[in-house]
Amino acid sequence: MRSKGEMAKRRRFEAYVLVHLDDLYRAALRLTGKPSDAEDLVQETCLRAFQALDQLRQTSAAKAWVFTILRSVFLRQAERQTVQPIPVSPEMLDVFARAADLLGALQERAFPLQESLLQDIRQATLGLPLPYREVIVLAHVGGFSYREMAHILEVPLGTVMSRLFRARRLLRSALAGVVVERRHVEPTR
Amino acid sequence: MTCQEFAAALDPYLDDELPVMEVLRVQGHLHSCDHCRTMMGVEAALHSLLAADAIQDQPPPALRDRIVQRISAAGASLSASARRRRVVPAAALRAPIALVGFLMIALMVPGIRGPVEVPRFAIEAAAQHHLSSEGAGANLDLMTTDLSRLTGWLGGRVGFLVKAPWVNRPDQHLVGGRVVTVGGTPAAHLLYEWGGYRLSLFVMPSPPTRPEWTERVIDGVEIYTARIHGTTVTWWEDAARLYVAASAASARALEEFALLCVRNGGLGAPRGPGSEARDG
Numbered sequence: 001m002r003s004k005g006e007m008a009k010r011r012r013f014e015a016y017v018l019v020h021l022d023d024l025y026r027a028a029l030r031l032t033g034k035p036s037d038a039e040d041l042v043q044e045t046c047l048r049a050f051q052a053l054d055q056l057r058q059t060s061a062a063k064a065w066v067f068t069i070l071r072s073v074f075l076r077q078a079e080r081q082t083v084q085p086i087p088v089s090p091e092m093l094d095v096f097a098r099a100a101d102l103l104g105a106l107q108e109r110a111f112p113l114q115e116s117l118l119q120d121i122r123q124a125t126l127g128l129p130l131p132y133r134e135v136i137v138l139a140h141v142g143g144f145s146y147r148e149m150a151h152i153l154e155v156p157l158g159t160v161m162s163r164l165f166r167a168r169r170l171l172r173s174a175l176a177g178v179v180v181e182r183r184h185v186e187p188t189r
Numbered sequence: 001m002t003c004q005e006f007a008a009a010l011d012p013y014l015d016d017e018l019p020v021m022e023v024l025r026v027q028g029h030l031h032s033c034d035h036c037r038t039m040m041g042v043e044a045a046l047h048s049l050l051a052a053d054a055i056q057d058q059p060p061p062a063l064r065d066r067i068v069q070r071i072s073a074a075g076a077s078l079s080a081s082a083r084r085r086r087v088v089p090a091a092a093l094r095a096p097i098a099l100v101g102f103l104m105i106a107l108m109v110p111g112i113r114g115p116v117e118v119p120r121f122a123i124e125a126a127a128q129h130h131l132s133s134e135g136a137g138a139n140l141d142l143m144t145t146d147l148s149r150l151t152g153w154l155g156g157r158v159g160f161l162v163k164a165p166w167v168n169r170p171d172q173h174l175v176g177g178r179v180v181t182v183g184g185t186p187a188a189h190l191l192y193e194w195g196g197y198r199l200s201l202f203v204m205p206s207p208p209t210r211p212e213w214t215e216r217v218i219d220g221v222e223i224y225t226a227r228i229h230g231t232t233v234t235w236w237e238d239a240a241r242l243y244v245a246a247s248a249a250s251a252r253a254l255e256e257f258a259l260l261c262v263r264n265g266g267l268g269a270p271r272g273p274g275s276e277a278r279d280g
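Read top to bottom, the protein sequences are chains A and B.
Under the numbering used here, the first residue of the first sequence carries the number 1, and numbering increases by one thereafter.
Under the numbering used here, the first residue of the second sequence carries the number 1, and numbering increases by one thereafter.
If you're looking for bench data, these hints aren't it; they were derived computationally from the structure.
In this text, a Cβ means the ideal position worked out from N, Cα and C, and glycines have one as well.
There's no promise every hint is true.
Partial list, computed: chain B residues near chain A (C-beta under 7 Å) [unchecked claim]:
#1 LEU46
#2 LEU49
#3 ALA54
#4 LEU63
#5 ASP65
#6 ILE67
#7 GLN69
#8 ARG70
#9 VAL180
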């Protein structure tokens, strides 16, 4: 027989955590790249969230709170595994940033996105360095504002904006590359 | 606005992060600059792709059950240690928690349900209403007076079209919304300011069987009403959707609101002017 406190906590868990299950799973899938890993990540996240539910003071920020836990669990799991997410140093990020700027500027003129590339966008997202992948996932799967993302990632607002900008340029470049490849492969009519 | 300023504002514009005045400047520039319109088209296409990809996957149906099992096991062990520690909640939270707790208990104990069998979703709606409307800050995912934006945002998350009435008077207006679970079903929760009261409207798929509770028929619309410990809960069906409204307002006020919902579906309502922000 459950006590009143347990029932109330269970209801709070459903109202503030479990209601975001779809988005949590989608985010986990884009972080891990594998459905089985995504399920494990979401389960562990929900368990941690349940155990820490009493610490959730601002219920309006519950979703950001759960995503912060998801990210923390993901980073911890990634540390323990032999196959880690691509390690990215600040210098590498800078190289990626400059490459993204260059490619983006070129392709804005040459290759506007006009084809159905839904299946490619996922692959391109998974290929992004983690700091860029995170902001894409938080912005487009989580639907978070810049301010919320800065809070989740513990970085300044300006960093969120520049990472998003560069991540999208890298995605656009990757997709434009796919378009170019297909134009070469497909026979001309 | 110059093209350089436009380029810098493009991402925040598409991310809905610009102040209203900046939005107007961006739109003004778009009218007069072909190059920036092309750039906008490219960037908007990428945003659309990402948005379409973001809703592609569904978690396996068994995942939810596995999580519930794990937290049930964790809850049992946690409550044992909690009994030892005797943690007392903050005084300010006691009253609402007690009320919501009571409403949840009411689901389980037939003796305190009162003379009428109130459907489970009505009690849950009353509890969710209390959770969102008590205190200074409502726990909304999105605060906005813009009905089109809110219903679009909610619809993308609950997976069905959300219809709601558009009202724009000083004492009657939209406050915002969020996604909740009512009766185990994802529901869109819209919060209104309604004549001095907070009023919650929940929209969710109709249950396979209708509740056995029938009350008033007004203008051809069957409207069910219950009073659950200070909260009036009214529900009705429209186009295969169940609508549940909860408020401390009178039954008559909620019936009027229900009729407004049925007559004024809200789709195509004009976008509200400004005054919108994400709650965080």
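Hints, one by one, checked against the model:
no.: 1; hint: LEU46; verdict: 5 Å, holds
no.: 2; hint: LEU49; verdict: 5 Å, holds
no.: 3; hint: ALA54; verdict: 5 Å, holds
no.: 4; hint: LEU63; verdict: 6 Å, holds
no.: 5; hint: ASP65; verdict: 11 Å, violated
no.: 6; hint: ILE67; verdict: 5 Å, holds
no.: 7; hint: GLN69; verdict: 10 Å, violated
no.: 8; hint: ARG70; verdict: 5 Å, holds
no.: 9; hint: VAL180; verdict: 6 Å, holds
In this structure, the hints that do not hold are numbers 5, 7, in rising order.
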